[in-house]
Each structure stands twice: as structure tokens, then as C-alpha cells.
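Model the full structure from these sequences, guided by the hints.
There are 2 protein chains.
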Amino acid sequence: MKPYASRIAPLLLSAAMALATPVLAQQSAPTPPAMAISAEIEATAAALRDRALQGNIAFKFIEGVTTEVGPRLGGTPAEKKAAEWSVAQLKALGFQDVRIEEFQIDGWVRGAESASVTAPFPQAITITSLGGSVATPKGGLEAEVALFKTYDDFLRAPADCCKGKIVLVTQRTVKAQDGAGYSATVRNRSSGPAEAAKRGAVAYMLRSLGTHSHRFPHTGAIRYEAGVPRVPSAAVSPPDVEQIERMAARGQPVRIKFDIQPRLAGPSTSYTVVGDIKGTDKADEYVIISAHLDSWDLATGALDDAAGMGITAAAGKLILDLPQKPRRTIRIIFFGTEETALQGAYAYAKAHPDLLPKVFAGSESDFGAGPVYQFLTRFNPAVLPAFAPLRRVLAHVNVGPGPNTALGGPDMTPFREAGVPVFTLQQDGRDYFDYHHTPDDTLDKIDPKNLDQNVAAWAATTWVLANMDGELRPIPDPAAPRRLQ
Amino acid sequence: MKPYASRIAPLLLSAAMALATPVLAQQSAPTPPAMAISAEIEATAAALRDRALQGNIAFKFIEGVTTEVGPRLGGTPAEKKAAEWSVAQLKALGFQDVRIEEFQIDGWVRGAESASVTAPFPQAITITSLGGSVATPKGGLEAEVALFKTYDDFLRAPADCCKGKIVLVTQRTVKAQDGAGYSATVRNRSSGPAEAAKRGAVAYMLRSLGTHSHRFPHTGAIRYEAGVPRVPSAAVSPPDVEQIERMAARGQPVRIKFDIQPRLAGPSTSYTVVGDIKGTDKADEYVIISAHLDSWDLATGALDDAAGMGITAAAGKLILDLPQKPRRTIRIIFFGTEETALQGAYAYAKAHPDLLPKVFAGSESDFGAGPVYQFLTRFNPAVLPAFAPLRRVLAHVNVGPGPNTALGGPDMTPFREAGVPVFTLQQDGRDYFDYHHTPDDTLDKIDPKNLDQNVAAWAATTWVLANMDGELRPIPDPAAPRRLQ
Numbered sequence: 265m266k267p268y269a270s271r272i273a274p275l276l277l278s279a280a281m282a283l284a285t286p287v288l289a290q291q292s293a294p295t296p297p298a299m300a301i302s303a304e305i306e307a308t309a310a311a312l313r314d315r316a317l318q319g320n321i322a323f324k325f326i327e328g329v330t331t332e333v334g335p336r337l338g339g340t341p342a343e344k345k346a347a348e349w350s351v352a353q354l355k356a357l358g359f360q361d362v363r364i365e366e367f368q369i370d371g372w373v374r375g376a377e378s379a380s381v382t383a384p385f386p387q388a389i390t391i392t393s394l395g396g397s398v399a400t401p402k403g404g405l406e407a408e409v410a411l412f413k414t415y416d417d418f419l420r421a422p423a424d425c426c427k428g429k430i431v432l433v434t435q436r437t438v439k440a441q442d443g444a445g446y447s448a449t450v451r452n453r454s455s456g457p458a459e460a461a462k463r464g465a466v467a468y469m470l471r472s473l474g475t476h477s478h479r480f481p482h483t484g485a486i487r488y489e490a491g492v493p494r495v496p497s498a499a500v501s502p503p504d505v506e507q508i509e510r511m512a513a514r515g516q517p518v519r520i521k522f523d524i525q526p527r528l529a530g531p532s533t534s535y536t537v538v539g540d541i542k543g544t545d546k547a548d549e550y551v552i553i554s555a556h557l558d559s560w561d562l563a564t565g566a567l568d569d570a571a572g573m574g575i576t577a578a579a580g581k582l583i584l585d586l587p588q589k590p591r592r593t594i595r596i597i598f599f600g601t602e603e604t605a606l607q608g609a610y611a612y613a614k615a616h617p618d619l620l621p622k623v624f625a626g627s628e629s630d631f632g633a634g635p636v637y638q639f640l641t642r643f644n645p646a647v648l649p650a651f652a653p654l655r656r657v658l659a660h661v662n663v664g665p666g667p668n669t670a671l672g673g674p675d676m677t678p679f680r681e682a683g684v685p686v687f688t689l690q691q692d693g694r695d696y697f698d699y700h701h702t703p704d705d706t707l708d709k710i711d712p713k714n715l716d717q718n719v720a721a722w723a724a725t726t727w728v729l730a731n732m733d734g735e736l737r738p739i740p741d742p743a744a745p746r747r748l749q
Numbered sequence: 265m266k267p268y269a270s271r272i273a274p275l276l277l278s279a280a281m282a283l284a285t286p287v288l289a290q291q292s293a294p295t296p297p298a299m300a301i302s303a304e305i306e307a308t309a310a311a312l313r314d315r316a317l318q319g320n321i322a323f324k325f326i327e328g329v330t331t332e333v334g335p336r337l338g339g340t341p342a343e344k345k346a347a348e349w350s351v352a353q354l355k356a357l358g359f360q361d362v363r364i365e366e367f368q369i370d371g372w373v374r375g376a377e378s379a380s381v382t383a384p385f386p387q388a389i390t391i392t393s394l395g396g397s398v399a400t401p402k403g404g405l406e407a408e409v410a411l412f413k414t415y416d417d418f419l420r421a422p423a424d425c426c427k428g429k430i431v432l433v434t435q436r437t438v439k440a441q442d443g444a445g446y447s448a449t450v451r452n453r454s455s456g457p458a459e460a461a462k463r464g465a466v467a468y469m470l471r472s473l474g475t476h477s478h479r480f481p482h483t484g485a486i487r488y489e490a491g492v493p494r495v496p497s498a499a500v501s502p503p504d505v506e507q508i509e510r511m512a513a514r515g516q517p518v519r520i521k522f523d524i525q526p527r528l529a530g531p532s533t534s535y536t537v538v539g540d541i542k543g544t545d546k547a548d549e550y551v552i553i554s555a556h557l558d559s560w561d562l563a564t565g566a567l568d569d570a571a572g573m574g575i576t577a578a579a580g581k582l583i584l585d586l587p588q589k590p591r592r593t594i595r596i597i598f599f600g601t602e603e604t605a606l607q608g609a610y611a612y613a614k615a616h617p618d619l620l621p622k623v624f625a626g627s628e629s630d631f632g633a634g635p636v637y638q639f640l641t642r643f644n645p646a647v648l649p650a651f652a653p654l655r656r657v658l659a660h661v662n663v664g665p666g667p668n669t670a671l672g673g674p675d676m677t678p679f680r681e682a683g684v685p686v687f688t689l690q691q692d693g694r695d696y697f698d699y700h701h702t703p704d705d706t707l708d709k710i711d712p713k714n715l716d717q718n719v720a721a722w723a724a725t726t727w728v729l730a731n732m733d734g735e736l737r738p739i740p741d742p743a744a745p746r747r748l749q
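Chains B and E are the protein sequences, given in the same order. Going by my numbering, the first sequence opens with residue 265, and the numbers climb by one from there. Going by my numbering, the second sequence opens with residue 265, and the numbers climb by one from there.
Nothing false has been slipped in among the hints.
Note that the list lumps identical chains together, so a pair holds whenever it fits in one copy or between two copies.
As a list, the in silico DSBU-like pairs of lysine-lysine whose alpha-carbon atoms are at most 30 Å apart: (1) 345 to 521; (2) 589 to 546; (3) 713 to 439; (4) 324 to 413; (5) 413 to 713; (6) 521 to 344; (7) 521 to 402; (8) 521 to 324; (9) 413 to 439.
If you're looking for bench data, these hints aren't it; they were derived computationally from the structure.
What follows is the structure, given as C-alpha cells:
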């Protein structure tokens, strides 16, 4: 029944909306006629969508960067190689003015890492350094573990909970379609090391924030606080955390010894790649489609975020292949060093203050390669009814309407904070955190069919935004906190 | 519909067989009346089965050995600890004469290991040393890779295929309920290193024999040949093999550098644990239920083979809890050092030549913790019809009849070769090779419900064999090749 319904339902919906939408639009908010998306724009968007489903370059792009570059940590020669690779590809696809914009970061590089339980039942455990962590003393650090079932339990523990100990927060990350599970636990990682140090702990560990049950640790960035000691910090794989919990349940103290030797690499150059599809009568207005260039170092970053690069490049390529040009300039950006603190996005926004008011709308694809199921916006609420034609186009690929609370993707944060209208083509991320930030984020985890659906949604949406009349500002709540990284 | 059918079908079958079996038995092979399994034995077997489903000690046993001992490679102090742990547990459960039997093996211990592609696209890859492999020169060994899609392609390659190269066989292992996929590819691992050396290769690698698509390599034993150079040998994780295949598809030579430092540890003591449930009028006949004590070193060996230890110990415990004693002695054995070449089983058989003719029947549980779906035997064909009562009992837990081609489990090999009747309670192993021999073989992969069903089948079968009259010899084809390890 489902295949039939999914083929037929969009057609019925489309027919119904064709009749209903103008009326609805008039009733709910008086939209200036200039906001209308013309029938011609809608038809081209639908054609782009259908062409995307017939095949596009997204998978090939992802296969290319993950194979020929591989892991590409921000601020390393591998990221530079990824930038050069991307420049060559985007030029070959027909993007204009393709260039690299360099910026400086404080580099960090993973070193050797090992860990074991030393008591009561000695055995090796699987950990990885958290991004930005200082090293342990050479030869390792050993201490008793203070276990906490949740991060709140840890924060509310008595003042003497942790002195001289290794804090280990064992809270699980819940699987959720929109990533809400990770949003809830990500502070366990980012803020945990400083909070542990404030309580006298000698190190901080947590259950990996992934939703898998494999023996992979899940890395990610931490934020030390000024004036608070910097303690070595690591993620433990889910099965190993459960092993430690079983040991602790027997009532004896558990001791861990671990040795991590990451290196604070000092000032390092990172790279953002930019290319354009020049507009016509509104060439000085911009629609930004983006992804991030860097990946964590443990894997080839196929999902995070070669997928986003492939999806946006493929959407741009379909537009480049059209006989007509867009009215606004479509700018593709692959931001450098997203993973540690959105340094690439902030550096880009800072370097181009004049650009920000000219950005009509922007978004980043940075949530893997699952199918898009929802179109979210953060536009002036008055303009939303005018988007009925785009909603009609997206309904054909099973993308439903979403609320006006889009964040636009991590690297849109500085743009949104500057008042830029953002949108999110929300992907189904139920499986995303099974792989994200682990050694398992590799090409085989991508379903090319889902990728095609993403490209269809991106190509259609980008075309509509680049060609419609009007203005999407002012946006509600530009300072909404960012969600995922 | 299925739950209803599975509840009802065994009852119908049971009723039908109660009428049909004596007739069938008379027609197909004249079974001596002494072979009959009495109604009382059948009733007790059914009661044991039902008690197992209400709860048993299997999961707790597995939780215990994997938590309190962890990985337990044959011939290491960890295996000794596992032996001492098991002795204490079996004694506490009520087994009699619980003891450790020591034997000598040539030890092998994994060392540091790392690998990377050095050309055309330098990046780290995930490998692990194969069990028994010699080390590379310190600092590593680098060479061009010779790729082969299948092991047969490799064997049939021209004589000059591999000189100075690293052979890499990329053949996949197929998922199969009975492990037939692994049976087909296990020679790729065991014989590959010697075959590569004969062709002048400097090292041997293969796609991990696991059926997963995670970034875990799958270890396992190799067999060098006398007079053939011993080349360093390693398994590569499935996603990394696919990465190398993608690089090779671009037409340039692929070069790998790898550094493995396993150590040939020389003469080492290994440990087999034995315990008894003494019989009554046939106490000098034995039913062996067994598992293996050792595990690979990469994980806690929850599936391979703590599961077998827990299942057989729990089955024995249910029998120990009965008011009556078995007629034959039930011997539980946890063999040491199964993983490298069944050394524990061969040492035990060699040390107890007088025992072998007295073993009525034997089996090993060594295929994980999936549900049992089939009862296979290797008994005198004339006695098979007499097993109808046991088949009736097993049908209630969805165990169907199987052919008379049982191997009995890896450690039954020397017993079978000596003419001992063996049986197999065949488990569904479709997922087994997703974890087997990888770092991911941990407790969370075990479903306690399936474990209960295993214990039910083992308790019932063991009781029937320990109490029925007759003789199961001579067995067909005692020298059938062993299948899995």
C-alpha cells in the first residue's frame, strides 16, 4: 500500500494545493504580490527535481573526496589537499571564481591513545581523545573512576564527588529522527571537562555520544574554560562503558589507566572553498548552499560531511546545466574547520561583512545522507504563504512542510546571527549517530537513492530562492542557539 | 499467524509422531527395543526444557566471565584466570571433581599494529595481525599490493603475479544461517599466507572474514607450511578493503605500509576445565557437553565462546537441580586454546585414550548465542528412529530434525575421529560473523531469550542421552573434515 500511496498522494496534494493555496495565502497573511513564486519558477524547480532523481554527480563527488583525500582534519595538510581537490572539481563542474580562502586556527592533532581498567578486573578498553584535549602525562594517568548515570547527576553531585578521580558520565544518547538525542547530550562532551576540573577531577570521560552499540568511540570537540585547569578528556565506546558499569555494580572501586598524546599544534592554516554560479539581474544578491570541508580524523567522513559537499555540488551542477541562469548568484561554500568550533564559518563571515546583508537565504547540508523529510525555514513569517509552490514541488519527493524555526546547519550560525534568512532541508538522522564522529563513517554507509532525493530537494529549493522576487527579512530570533556540531 | 502456528504445530506434530514413529521405526530399520527412550525420560526432558525457559544461569555465567576475566587468549595468564574463575563457578553450581588440566602450546601474543596506504592516496587503514603471524621488520614493511577478487583467482594467477608484493584477497564472506559462508572462505585466511609465500609475496592480507560492514578487522588463525617462508599476515576491515579497491580501480598501483609486532611466545601453558555430574548404573559411560575457555584477544569473547560455557553450564545446573541423578556421567569440558588449532581438544583426547570408547555422545556449543533451529546427529543410522521422543521435546522450542552429518562442534573433532557419536544443536548464525573474532564480540550482542532457548534444548538433549539405553556406535564417516573455527 505504501508505494502506491507515496506515488499518488503527492499528485492529489499538488492538485488540492493548486486550488487551495491562493485562498489560504490571502486569508492568513497579506503577502505582497512581489513574493509570488511564478509558475515558470515552479516548473523549472520541478524539472530540476526530476532530473536529480534520474542521476547526478553527488555519489561520485563523495566517492572522490573520501577515496582520494580520505580523512581531512581542519588545519592539517589533509584539509589543504581536500581544498585543492574541491577547487579542481568545482571548476570542472562549471562553477565560477572558484577559490580557497585561508584562515588561522589553533591546531590540534590526535596522538597515540590506549586505556585499560586496572582494577578490579584488568583489561583493555577502547577510548579516543576528545578534540582539543590536552595529553596525559607520558606513560599515562591512573585514578579511580567516579561514575554518573547522567550529566545532571554529575553536576548535582556533592562538592567532594570527584577530587583526584576520573569522572565518567555514562548517559546514553537517544536515537531521534531530527538528532534531538545528540542535542541533549552534546554538552556532556563539550562542557564536561571544565566541570570535572572545577570539581577537582584529574580527567574526564564519557560514554560516546553515538547511538551505536559497537566498539567504536565517538570523538568531538570540547571547550575548556579560562582559569580552569585543562584535564585530559576521552570518549569510551558504548560496550566498554557498559563493561565498566558492570564492574562498578559489584561494589569495588574501578580504576582506569589511560595514555593519550594529542598535540596542541599551535597556529595552523585552515581552508574554506568558495565558488559561484553568477546571477543575472540580481547578481549582487546571494543564495548560499554549503557544507563543510573538514572531517574528523578517525574516518573518511563520508557522512560528515562529504555527503553535504556532494549534495550541494550536485544541486549546483544541475542548475549549471540549465539553459537559463539564475537571477541571484548562487554561492557554494565548503567551510574549513567546522568540527572544532565553526572556525571556518566565523572566519568567513568576519572576512566578508559586506556580504551578509546581501545574502537572500542560506543553508548547510551537514546531517549525513538520509532522506530529507521536512523543509524548515527561518524567514519573515509574512512571506511563508508564498512558498506554497515550493512546498508542492517538494511534496513529490516526500518532503513535508516544517516550522519556521530552522537553524540552517551549524555553519549558518554566524550568518543567522547577522540576520540572514536560513532554511533547513531536514534529513532523517535516525542512523546518523551510529556512524558520525566514529571510525565507521565510511562510504559504504551511504545509500545513493537517498542521496538523489537530497539533491532533488536542494536543486529545487535553491532554484526557487535564487529566482523568486521579494525579501525574506526580518527573520525571527536570529540568536537562536545552534544545535548540532 | 506465526505465533499461533508455532504454538499449535508442535502439539499436532507430537500427536502424529506418537502414532507414527513406532511403525516407521519398524519399517525403516529394525531398532533393538533397548534403544527406546522411555516416557519417563521424555517427560523429564520436557520438564527440563520448560524450566530452562523460565530462567537459568546462562546469562549470568557469561556476564561473569566476560566482565571479571574479559579477553582470554589461549596460553596467557588471562586464560589461566578464566580457568580458575570457571572452576570456582562450576564447583559452586554443584559439579563434581572440578579440575584444571594443563597442556603445552606454542604461544603467540599480538603486539602493536598499524597500517596505511602510502600511494596513490595516503591514509591510515584498519588491520589486525592474523593469529600466529610473524612480525614485520620493526618500522614496517612497504610494498605494492596485488589484489585478487577471490581466493581461486589468486591460486590460479600467473606464477609471476606476486613477487615482492603484498597479496590482498578481497573476497567477501556470505551470510548464511549455518555458517556456510565462513566455511567457504576460512581457507582464504588459514592457507593464504603459505600460498602467498610460495608465489614470492612478502606479505599476505585478506578482507576480514566477518560479514559486517564496520571498521573492525576479523582475526583468526593461519597455518604456515614447513619449508615455506613465513610472511607477515593481516586482516583488513571491510570498509578499508573497499577503499583500496576504489583506489585500485583508478588504475595506479596501490602501496601499503604496515607494521605488526606480534610475538611468538614459545612454550606456554594452556588450561582445560573439566567437571562431572556423576552417573548411577552407567557412571562409566559419558555424555560430554562442552565449550571453549579461550577467546581471541580483541574482545571479551561473549559470543565466542562464553556463550557456549554459559549454555552448557546452565544445562548442567538444571540437571543437578533434579531430584534424580542421570544414569551416565555428564562431563562438562571447557577446552583451552581452541582458537588457534584445537590444541586443548587434541591434548585432552591424547591424555585420556581410555575415555574415548566410553563416551556415549558428545557435543560442543561454539556458534554464538542465536536460537537453535536444528538437531543434527552423527549416530549409527539404525538408531535414529528411536530419537522420536527427543524430537518431540525439541519441536516445542522450534528445533527441527536435521541430517545425520553433525560435526559436533570444533572441539569434538578428535573425539569424532576416534569414533565418538556426536550431535549438534545448530544455532542460527546469520549474525554470528558480524561479531565473531572482532573487537565487537561483547556482552551487549547477546539476547537472553535466545540463550534460554539454547539451554532448554541442551538440557533436554543431554538428559535423554544420559539416560536412554543402547549404543549409538558405529558412526558414519568419523573422519569428516571439520568445518568452523
